[in-house]
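Visitor: For reference, the chains in residue letters:
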Amino acid sequence: MSVQKKKARAGFFIILPSLAFIGIFVYYFIFLTIRTSTSNWNSFSSLLSGEYKFVGFRNYQRLFMDPRFQTDLWNTLFFTLFFLAGCIILGIFLANIIDKQLKGSSFFQNLFLFPMAISFVVTGTVWGWIFAPGNIPTSPQGINLLLENLGWTNLQWMWYTSTQSIGKFNLALIPVVIAATWQMSGYVMAMYLAGLRAIPEEMIEAAQVDGATGIQLFWRIKMPMLRPITLSAMIVIGHMSLKIFDLIYAMTGSGPNNVTDMPAVYMFEQMFRSNRYAIASAIAIIMLIMVAAVIVPYLYSSFRGEK
Amino acid sequence: MAEKSNKTSLTIYYIILALFTIFYVLPFYVTLSTSFKPFEEVSISNMWKLPSKISFEGFKEAFARLGPNLKNSFYLTIPATLISAIIGSINGFALSKLRFKYSNTVFALILFGMFIPYQSVLFPLIQFFQAIGLYGTIPALIITHVIYGIPITTLMFKNYYEEIPNELVEASAVDGANIWQTYTKILLPISIPGFVVVIIWQFTNIWNEFLFAVTITSDPTKQPITVALVNLAGSQVVQWNVQMAGALIAALPTLIVYIILGRYFVRGLLAGSVKG
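The listed protein sequences derive, respectively, from chains A and B. Take the first sequence: its letter number 127 is residue 124 in the numbering used here, and every next letter is one higher. Take the second sequence: its letter number 179 is residue 268 in the numbering used here, and every next letter is one higher.
A hint or two may mislead.
[Stated by the list, open to error] No more than 25 Å apart at the CA atoms, straight line, and that leaves these computed lysine-lysine pairs for DSS-like: (1) B:K149 to A:K2; (2) B:K96 to A:K3; (3) A:K2 to A:K100; (4) B:K274 to B:K149; (5) B:K311 to A:K219; (6) B:K160 to B:K274; (7) A:K97 to A:K2; (8) B:K160 to A:K2; (9) B:K138 to B:K149; (10) A:K97 to B:K96; (11) A:K100 to B:K160; (12) B:K160 to B:K142; (13) A:K3 to B:K160.
These are calculated hints, taken from the structure and not from any lab test.
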């Protein structure tokens, strides 16, 4: 056996245990969840009896007819949209300023990143307090109190306890998006900063010699070069957003009328409070499909062609 | 690369940075100022004011309530972090230096585990722990974090080892070293920066994790601090200064890591954003 072959064989055997663990704990467990999601296990007793009855896609049908789950899907869509937009716009904007290497820019860079080190649970707890509306107008709390102190009482609002909506967009999501963006925008900024620093200096200089203005430089040179970063940021933030749980759980619960409810929160309640294992599993599988729709093409395109 | 900026635009940049500073520091200000307030000063009407005198009442109370959970978090996070880093290092070595046919496909299959919503494996996982009698324990959480940490730690070490020239590994084979010796004698000694990044990343993630923590441990005395913090916030009787002190205690270990080893933290972040 050649050295090369020996090495390859060793490599395979080293990976094998991890592959087996992932095989069981990811792929087999997903299969088990799919199996549960197509079963009649919607009470503790049906689970205990252990008798498996296949009910097809009935649990999924029930879910899609369920107004709360419909709200969840709309919330996920809008939350993802605004969370993504917030992180990317803020990320590009801040990265471009930090990249100018002003005095103290590394201080600001560290400052904008620090929320990343903190748990979503802490973020949710603290922002939950900041955005708690209190009783307006008599005893406002949090931001509302600050607004009153500043004399801007007309800006006071119910925040995440508001039941207002525009179309299918629940306005109560706004404070949640702000909290999430606070946490993750520094991350996106760091990604863009790395991207900006990888752009060859000659390229920028050449464009400047040709008389490109700052804005032209940004749109014609930097943005096209940063496209792969934008894609990565969308994948990272997007898949995170589709399964967001801890922030919502710590910050708003689900809000009145489920205005800030998400599939992950609904799943948690169905599984651990109501013992509706089949329904909960169906929610989990729908979440998996949403995430896979984003991730699989990305992984496929990243690893295709390599041998 | 820096562009030339004139004085006016410089001022504008600083104003923008100052405004954003307010946004990023705001929750920190609220947490810090509230947690140091004495009980009698914690009313909603002075939430934006600084404490008139520094009081540790909030911290005392928060420590009394969350102390055991803080300990749990350390018991959980330290072993889980170390084990998953070691596994990642070995896997990364195999996938970057001992490539086999379809090793990239295998890697992609493993990597997928990093992105799945853990809800999709949660129920079987709990049943598994119930079957082996570990449900509700910290070791169950350690196992969970080690297994679901395999994809990310493997990815990070694979990327790290790919920067190391193959000749180095090949030279040791010529010298008669076997694969294990090559790993321990050649690769491991130069892996320390890689380990630092992976350990920081895993420590932060495992410390901050909530879904597994809340579903695998139901006994309050065995719960990590993230779960205990939410429970603390859920009970209405608790004073705000206690809650904010609790939030600070829960955030402090990862914040310290970030402040001391920020450079490596950023590297971990960028490695975690998957460049394939």
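Visitor: State for each hint whether it applies.
Guide: Right, here's what the structure says about each hint:
1. B:K149 to A:K2: violated (62 Å)
2. B:K96 to A:K3: Given that 25 Å is the threshold and the Cα spacing comes to 64 Å, the pair is violated.
3. A:K2 to A:K100: violated (55 Å)
4. B:K274 to B:K149: violated (49 Å)
5. B:K311 to A:K219: violated (50 Å)
6. B:K160 to B:K274: violated (36 Å)
7. A:K97 to A:K2: violated (51 Å)
8. B:K160 to A:K2: violated (48 Å)
9. B:K138 to B:K149: Given that 25 Å is the threshold and the Cα spacing comes to 21 Å, the pair holds.
10. A:K97 to B:K96: Answer holds: K97 (chain A) to K96 (chain B) is near 13 Å, not above 25 Å.
11. A:K100 to B:K160: Distance of about 41 Å is beyond 25 Å: violated.
12. B:K160 to B:K142: Roughly 30 Å separates the two Cα atoms, so the pair is violated.
13. A:K3 to B:K160: Cα-Cα ~46 Å, so violated.
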